[in-house]
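In case you want the letters, here they are:
Protein chains: 2
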Amino acid sequence: MNPEPVVGIAGATGLVGREMISLLLQREFPHSELRLFASADSQGEVIEAGSEEITVEELGDESFNGVDIVLFATSAALSEKFVPLASDAGAVSIDNSSHFRMHKDVPLIVPEVNAHALKSSDKVVANPNCSTVELVLLLDVIQKLSPMKRVVVTTFQSVSGAGQDALDELWNQTLAIFNQQDLIQKNFPQQIAFNCIPQIDTFLESGYTKEEQKIVNESRKILGLPKLSITATAVRVPVFHSHAESVNVELERELPLETLNSALASAPGIEFFPAFDIYPMQMTAAGGDSVQVGRVRRDLSVPHGLDVWIVSDNLRKGAALNAVQIAELYLKKFA
Amino acid sequence: MNPEPVVGIAGATGLVGREMISLLLQREFPHSELRLFASADSQGEVIEAGSEEITVEELGDESFNGVDIVLFATSAALSEKFVPLASDAGAVSIDNSSHFRMHKDVPLIVPEVNAHALKSSDKVVANPNCSTVELVLLLDVIQKLSPMKRVVVTTFQSVSGAGQDALDELWNQTLAIFNQQDLIQKNFPQQIAFNCIPQIDTFLESGYTKEEQKIVNESRKILGLPKLSITATAVRVPVFHSHAESVNVELERELPLETLNSALASAPGIEFFPAFDIYPMQMTAAGGDSVQVGRVRRDLSVPHGLDVWIVSDNLRKGAALNAVQIAELYLKKFA
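Line by line, the protein sequences give chains A and B. Take the first sequence: its position 104, counting from 1, is numbered 104 in this note's numbering, and each next residue is one higher. Take the second sequence: its position 263, counting from 1, is numbered 263 in this note's numbering, and each next residue is one higher.
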């Protein structure tokens, strides 16, 4: 690939798309041109990208001619339609939707964890679900020290994962409560202001939501542990940015906390909080690049157990940043 | 005991104390007189209790003369001081603080679970921690069907558990964010508006908080399972009322979901939500008496596992209601 590629962003005007633009510039991602694609509604909108002003183009069948890498921040339905068109046009696609993640020929990459799984022949690369990315960064550090027997995770997910309209909905519902007005509810199945909703995405026959099943399936694929015992409960909380997770890990053999803590302190992508009383929160993680890991405790309810609390900005490491890192990895390995 | 006792409430002007007054009246708790005690600040305040107006008395060494039952909604320090004085005056104390809960001679009672543990000779009875009460109602139903191997719980606790000032703090911090003013923080160790705080109470040397350790210790005592394998992560969420909990239970042997669901549907104190897509939330539980149980799933990460979501109003079943129920049980058994 051209070491100064033409880069496209599909879905450039959404929350994740805008983060992608900002991260490409901030990280000085080498590119000869940046092209922005969105729906017809946004066509003609001018977006400032550093010193440049870029006019948004309508995403269409012919969008990808001459584009080398496309970052997709689109819905699963749009990715299903447009990623193959990008491939036909010779571009490499890095897709943030769920559509290709579990396809057996598509690698699902978190660069700190499974960079090795990315091959030069890959024309489509999938970016994991926001709640999976932070989890696998932690689990990868653990599994390198001791095999995992079982993982139980409960998430505290912010509304930004559901887009700009969802941010507005939390804001407007909260204001409506202060002003004693009726609440308008569109983006969430229930009231989100001052309430936690134990449903993200739709339900499967098993009773788990798709979000919960994604955490299970995607973690197994990224970690290369297809039989990993893992269960998830995914909950939306009335917070604007960042996802927190309460993670319980049962290990096959003893892992001294000092060994784990020192591995966490030097792990790429992780910011480790060693003191019990200084812990990560959504407030501390929002806007940052790392997965913040804290409250590491020895769970005495099993012979070798751990309780850990992790937080990460779901729009950045959970979405846009990881996609940009995949693009960087691709260039580094194959340009 | 007199079947129409003189009832006292210590800490009557706080959130839990006020719920106690309202529940005693609503449930037509038999009493010949209701006396309200609080700190000197509230002395002389007149509280409407049904058709009566009751003047608040200052809680003092002589308060309990002639009182038969005292419900304590006071701090651990005040309970430590005043409960023995109530005993000396011949009153039965039902204490909502943590002070006596783990004393080996004090029963810790959730009437639906361990009514049998209350004896006529008990002059002090402890009311469990709010996050423990709802959990043991669920676990008791499960353990009667199949022995539990291990429990992993993560809580989503509302601010009302920390009192009226804490409710005001969430309200005022949220308003300050809307008005772009500085946030005032007094009741919580970190900002609570639009943020989750993985700390409730102070830290122990193990890295767990006292709240987390209470869930472990108190559940074991109430269930009569001193070796129950259980671990907890307790998190404060920006919600006014009710505590939610994500509960994972590993069982010793197979328990068909139909068996569990039908037991939950008929369990006293539990409101069961059988459909996946109609689940309990803090919104649905606030102001109610029951422990709402939903999202019961078969966790496939272990041979016999369950994921469950429970919610209850922490001021009612989690505190005031359970205390009143203990008083009712005492009268029923021993009056």
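No lab work stands behind these hints: they were computed from the structure. There may be inaccurate statements among the hints.
Which copy? The list can't say, so a pair holds if one copy fits it or any two copies do.
Straight-line distance between alpha carbons at most 20 Å, and here's what the computed SDA-like set of lysine to any residue pairs gives [said to hold, decoys possible]:
(1) Lys332 to Val302
(2) Lys104 to Gly163
(3) Lys123 to Pro3
(4) Lys186 to Ile278
(5) Lys210 to Asp277
(6) Lys186 to Asp277
(7) Lys149 to Arg298
(8) Lys210 to Phe276
(9) Lys119 to Ser146
(10) Lys333 to Phe178
(11) Lys333 to Ile278
(12) Lys149 to Phe178
(13) Lys227 to Leu300
(14) Lys149 to Arg253
(15) Lys227 to Asp105
(16) Lys186 to Met283
(17) Lys123 to Asp88
(18) Lys210 to Ile278
(19) Lys149 to Ser301
(20) Lys210 to Pro226
(21) Lys149 to Ser229
(22) Lys144 to Glu45
(23) Lys186 to Thr284
(24) Lys144 to Pro189
(25) Lys149 to Pro303
(26) Lys149 to Val302
(27) Lys332 to Leu228
Starting from the hint list further up, note which numbers the structure goes against and sort them upward. Violated hints (numbers, rising): 1, 2, 9, 10, 11, 12, 22, 24, 27; every other hint is consistent with the structure.
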